[in-house]
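Since the structure of chain F is already known, use the hints to place chains H and W on it.
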Amino acid sequence: MELINLKDITVSYDGKNNILENLNLKVEKGQLVSLLGPSGCGKTTTLRVIAGFLEANSGQFIFNNKDYTKIPVHKRNFGLVFQSYALFPHLTVFDNVAFGLKMRKMNKKSIEDNVNRILEAVDMKNFAKRYPKELSGGQRQRVAIARALVIKPNLLLLDEPLSNLDAKLRLKMRVEIRKLQQDFGITTLFVTHDQEECFSISDKVAVMNKGLIEQFDTPENIYSNPATEFVARFVGFENFINLNHIGDKVYEGMGGNKFKVQCERKKGENIKGTIRPEDIQILRENKDENTIEGIVEIRTYLGKSYQYNIKTELGTLVLKETNDVIYKQGDKVKLYLPSNKIILV
Amino acid sequence: MKGVCNMRKNKFLLIFSILVYIFLFAPLIIIGITAFGGESYIAFPPKSFSVKWFANIFSSETFMNTLKTSMEISLIATIAALILGVPAAYALSRFNFKGKTILKNFFFSPVIVPGIVVGFSLFQFMIIKLKLPIYTSLLIGHTIIIIPYIIRVIGSSLEGFDYAIEEAAMSLGAGKVETFFKVVFPNITSGVIAAFMLAFINSFNNVPVSIFLTGPGISTLPISMMSYVEYNYDPTVSALSVLLMIMTIIVMFIVEKTLGLSYFLK
Amino acid sequence: MKKKWYYILLVPGLVIILFFLIMPLINTIFPTFMVKGSLSLEQYSRFFKDKYFMQIFHRTFKIALISSFICMILGVPVSYFISRSSKKLRGLLMACTVFPMLTNSVVRAFAWMNILGKNGLINKILMEFNIIDKPYKLLYTESAIVIGSVYLFLPLMIVSMVGVMENIDNDLLEAAESLGANRLKAFFKVVFPLSIPGLIVGTILVFTGTLTAYTTPQLLGGNSNMVLSTLIYQKTMSLGDWNEAAVVSTVMILTTLLVIGIINKLASRLNERGV
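Protein chains in written order, with our numbering: chain F, 4 to 348; chain H, 105 to 370; chain W, 329 to 603.
Pulled out of the complex, with its shape left as it was, chain F reads as follows (with noise of 0.2 Å):
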């Protein structure tokens, strides 16, 4: 059931450069999705547009089929977390978690019930009367979801909840985030520009860029199969080849080297192939296909493997290979793209 419905909304400060331009996005209910991008990409934008704090200049935002374009920050009943956590200095954390339920003016039993439980929920149960300046950094954000939670939001927006974390914690938090929200089944739409953190715990993902929303899929789709080149890069890809398409999934690059290559699409002018770096071999025995010759120029040492750069005609090429046969500056090799890992963007 398709819960957020934004059409075509467009977003401008100054009424010439548009933040967001003719976006759509559509979630389904219960579903965790993540807006990645680079900063300036839009996704804040977008997440405070359905929030509220943002008026689009056109388009529409409706929500479980009612337009809510219109309908003022509070009265849409969305849960906010912060990156900044935003608790309230001068009120406990009891008093913090209570405040959505005080302004939704329910009674004192009920306040102290829903307050204990939801704290019980992100195990900050002993903190209830204490103020936000005794907590740690990721105490004040179990605190932050739980007073979004505690209102039974019909929508969950996180904005980048875990950047001012540390390193462990955020692993170990982004798991808990996941959680609850599927415990509670609750619609989310988690901003970041983590890449790995938003993948890990996504139902789908939609990558932006400029104002754009490059690709919109499973973490799994995006990463093997990324639609742009941004995209690509942004998941890991590297070595993208210009490439003309003269066959039947056959394609031609510089110095007339030909590739077989087994995905769809892509016709016209201005096709870009690219393929892992792990997914280059360096060839021990022969093969007819998908081959090209190089040099060496650099080779880096990564712990598990070596990183080489290779100089072809193709311009040069980043490979990772294990550490069997080590190669050094200025062997001639011979690489193998194998036409299932070669994407076409």
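Treat the hints with caution; some may be incorrect.
[Stated by the list, open to error] With a straight-line Cα cutoff of 25 Å, these simulated DSS-like cross-link-like pairs (lysine-lysine) come out: (1) Lys465(W) <-> Lys452(W); (2) Lys208(H) <-> Lys593(W); (3) Lys593(W) <-> Lys379(W); (4) Lys462(W) <-> Lys151(H); (5) Lys307(F) <-> Lys337(F); (6) Lys233(H) <-> Lys364(W); (7) Lys452(W) <-> Lys235(H); (8) Lys415(W) <-> Lys115(H).
Derived by calculation from the structure, the hints in this document are not laboratory data. A quick note: this is a predicted structure, and the numbers were derived from the prediction, not measured.
Same frame as chain F, now just chains H and W:
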């Protein structure tokens, strides 16, 4: 950038604030307008236009004398306060020592004591007891009351100052005094200028201290204005007010260009 | 060898203040506690028993209280407005706030003499529209002093609060809104509690300022509405009653310190949560 300024500005707040600022400015604007009135009394709205009241200021011996006195006193007092205050502000900012807070409060004491009490006490002590000449007393009194302004402005200027540059200068061969003048002072000139302006205008505007330290032929402009206003109802004081407001604008302009008016947000 | 040489930088200023402020104050205050060569509070008991003095004391206190209250009511919304304005507007408004602050107090009191006087603007307008047929006495009243004092100190209250309010993270407001608070509720439940430190500072400044001001009560209140400061001046210059002037001065200082102390105590109670 945290989102576009939501144009849902609260209309009530806007109107309320506008009304308050009208409240703050209207009286001053009214004076300004009456200064150009042609009638022999203060008329608003004025029925005719004239600049004779401005001329009146310059032909009044009292006003010219007190203006001269005010300028002199404030200028000399400000310079004296700078000489006393800048080193003190530097020491308070640069070094940490026992009793620093007490000393800081000490230097701010002229502000904590009510002005009228300062004036009275100085009168009793300097003029009655020590029988100091009035001009000298006035000078000393003004110097005292503006030292806190110097210290606060310079102190704020020196906040976050990277004193490592002193060490750099010394390692390159500069002595202590030389270091201060060649390396610290040039970086606080804007603060010094702003301090000068604020101290000057607060000295110039002072009433509670000046009112006790006057004598035959020695009085400050605000005091002479006060006496004039109690018995005369012509727009001469309006004209003077206009001139003083222009002076205020000049001072504000200089402060903005040096320290920036955001300094007032403490 | 590293002697604290820098003490010398502090000495000149210290000496001047010591000799020309502290000593004069002691010279003034000390004799008030002496009667016929021995410590006594007799001068003070005389002061507090005197009906005339107490009337002046109450008047001064009342005016200070009312002015502070009005400044609070006017100042809080305006400060909030400024703190949420765009950078440019904020700069303009701050300039508009500082300008009256740096304008001479005589000019500011004079401005209200013009407006409140018998031939002043308000009476003129009221007569013009036939609301009254004789000029109403607005000048030389306690209310005139209150108006003048509010006029004098409102910018100070605003300046004290804007800085504090600016520091309140916009995130907090948005969080409150997302939890269901409309703008008004968000202000009272989040912004206002966090602005109290600024409000305290502002209130102290306005209250003590009004309590001890001279120009405004003198020009707008006149001799029929004496306050502590005009009393001190009158006793000194017109009546030569220096002893009594000293007593009044000490009462003024002590009242000021007491009020600051009480307000600060209140502040630390509220501030236990910390910001």
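Now the hints, each set against the structure:
1. Restraint check for Lys465(W) and Lys452(W): the C-alpha separation of about 12 Å stays at or below 25 Å, so the hint holds.
2. Restraint check for Lys208(H) and Lys593(W): the C-alpha separation of about 22 Å stays at or below 25 Å, so the hint holds.
3. Distance restraint check for Lys593(W) and Lys379(W): the Cα-Cα separation of roughly 31 Å exceeds the 25 Å cut-off, and the hinted pair is therefore not satisfied.
4. Straight-line distance between C-alpha atoms of Lys462(W) and Lys151(H) comes to about 22 Å, which keeps the hinted pair within the 25 Å bound.
5. Distance restraint check for Lys307(F) and Lys337(F): the Cα-Cα separation of roughly 22 Å lies within the 25 Å cut-off, and the hinted pair is therefore satisfied.
6. Restraint check for Lys233(H) and Lys364(W): satisfied, since their Cα atoms lie roughly 20 Å apart, inside the 25 Å limit.
7. With a CA separation close to 50 Å, the supplied pair Lys452(W) and Lys235(H) exceeds the 25 Å bound.
8. Pair hint Lys415(W) plus Lys115(H) holds up; C-alpha atoms about 19 Å apart against a cutoff of 25 Å.
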